[in-house]
Amino acid sequence: MEKRVVFRSWWLPYLLVAPQLAVTIIFFFLPAGQAIWTSLLSQDPFGINVEFVGLDNFVALFHDEHYLASFKVTAVFSVLVAGLGLSISLVLAVFADRAMLGAGFYKTLLIWPYAVAHAVAAVLWLFLFNPTLGVVAHWIKGFGIAWDPLLRDNDAMILVVVAAVWNQISYNFLFFLAGLQSIPKSLIEAAAIDGAGPARRFATIVFPLLSPTTFFLLVVNVVYAFFQTFAIIDAATSGGPGNATEILVYKVYKDGFKALDLGSSAAQSVILMLIVIALTVIQFRYVERKVQY
Amino acid sequence: MDVSTTPERKARLPFLARYNMLPRTILRGRREGMVENRPLLDVLTHIVLIIGVAVIAFPVYVTFVASTITAEQVLAAPMPLVPGPHLIDNYREALLRGAGNSAAPVWMMMVNSLVSALIIAIGKIAISLISAFAIVYFRFPLRNFFFWMIFVTLMLPVEVRILPTYKIVSDLGMLDSYAGLTLPLIASATATFLFRQFFLTIPDELAEAARIDGAGPMRFFWDVVIPMSKTSMAALFVIQFIYGWNQYLWPLIVTTQENYYTVVIGIKRMIVGGGDAAIEWQLVMATAIMAMLPPAAVVILMQRWFVKGLVDTEK
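Protein chains in written order, with this note's numbering: chain A, 1 to 293; chain B, 1 to 315.
It is worth saying that the hints were derived from the structure and are not from the lab. Ideal Cβ positions, reconstructed from N, Cα and C, are used throughout, including at glycine. Be aware that a few hints might be false.
To be verified - Computed cross-link-like contacts, DSSO-like style, restricted to lysine-lysine with a CA-CA straight-line distance of at most 30 Å:
id, chain 1, residue 1, chain 2, residue 2
1, A, K254, B, K230
2, A, K107, B, K167
3, A, K185, B, K308
4, B, K308, A, K107
5, A, K258, B, K167
6, B, K167, A, K3
7, B, K230, A, K72
8, A, K72, A, K254
Stated by the list, open to error - Label pairs and their calculated CB-CB ranges:
id, chain 1, residue 1, chain 2, residue 2, range
9, A, A199, B, K167, 50 to 58 Å
10, A, A259, B, L114, 32 to 40 Å
11, A, D194, B, D223, 54 to 62 Å
12, B, I300, A, T132, 50 to 58 Å
13, A, D194, B, I51, 41 to 49 Å
14, A, I282, B, E205, 49 to 57 Å
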């Protein structure tokens, strides 16, 4: 789409885009270029001996069992976060869409967790799940189940998944609710009149019509689990115990900032960039059709 | 009970439906979300929603309780689940002294969070507003290339270019400064898109009229575009304020001095190192509540704009 009516000036438009472009170039393109360049080099932590090694860093990564393990952790984590987050919020949205009394009240009470910072959410759940003083940990132990997210791998994974899902439910809920409300009510009424009960209507009409929203949210949730959960991992477990919750983004940070393995960290950055690009392309090709039923 | 499923009704209803003459009992309430009367399902609806609300609120409730009791009570597993009398003491201590060994007073962190969230939100809106204006209302060489460049930043989240970005900020001498905390986060492809989409819906007649009246582009921008964009700006502000307030990774690496800690970073620093007994949980929890309040208030008080902003920025 283009405007028919435009203004004329040879310098003004450049001046207007300059601030955005300056920030973009200095803080986005330069570092990204640097990451790509560094990923092709081998250097010591002080940058004294630098050598061009081509794709060696990438080859090394894919032979590194820690890196492959981190891929696996990321996959498990994102499947759990996206799966649980989407199902819980879908259930809540379906019922909130149905509620007559107090719909606005429920909505307000379900959307505010969006405002809680990821790191704060992590600390909240860390406190509840803390093996010695956590309230929820106390209940779990009351059932005779061993529990220690600071030492046991699976417990740590549960902790970060719960915190991540809790933080994301409101977002999913809002989009599901909007999707549900945009389904033409005549369709639902027609089905009701033909004798389809609520469950049948959901399975044959509502859920299929909701699939664009679901797919969109799936992509958003995978991006969320891959990239935005850094704060949850860092604040709750720091990737531990061992490397049990070390997702890819956390490993880039740890290898770069803590281990100062610059070449490997940069190569990991480049791989992550490729993943974001793929996800963004999927999202944008898809968004075109998002509103159509 | 369920009128729509009795056989006689079913036979007659398609006709009624076609003429939109369904009995009130069936039509009633679809606006709010119901097709028919199902009292049992109504009860289930409220049970599910109440459980959902309770589970979601529970962590924050426990946090609040923990912020009103003494350190000894927090450590007595399990801690009480009823608020205690130490609310004012704990919040005053956190605000004025902080918690843990290295943390700065929380009031200072709150100020840092507020300043950086405001700079990020207003900065993003300002630079996106003018760049979208340039892209929509001018034809100039490289216009599409610039637009493409802004678009690509969507694919470069800070998490994947963290080390080189840190290096650039440190080379520019911006570590431990508000500029370092905010500038790298100020570019915004989503805001630029949003304004671009919105500007494209402004009728051409307005720009034409402005031109005939002899108004230049900037006059048109201030007198027509800005007033018309107020709703979009408010919606974006809500989203970007929350985004700025809740930043974690970036402030974590560019702030080494306590005076520049934001409150989200401060909480993390308070629980690092030291065993359970060393962490002053009642103060950490008071800080957590204070860290949540401003963005939560923004979401609840500006709910309509928040929802609009969330939906708009994903288009």
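Earlier hints that do not hold, by number:
Violated hints (numbers, rising): 1, 2, 6, 7, 12, 13, 14; every other hint is consistent with the structure.
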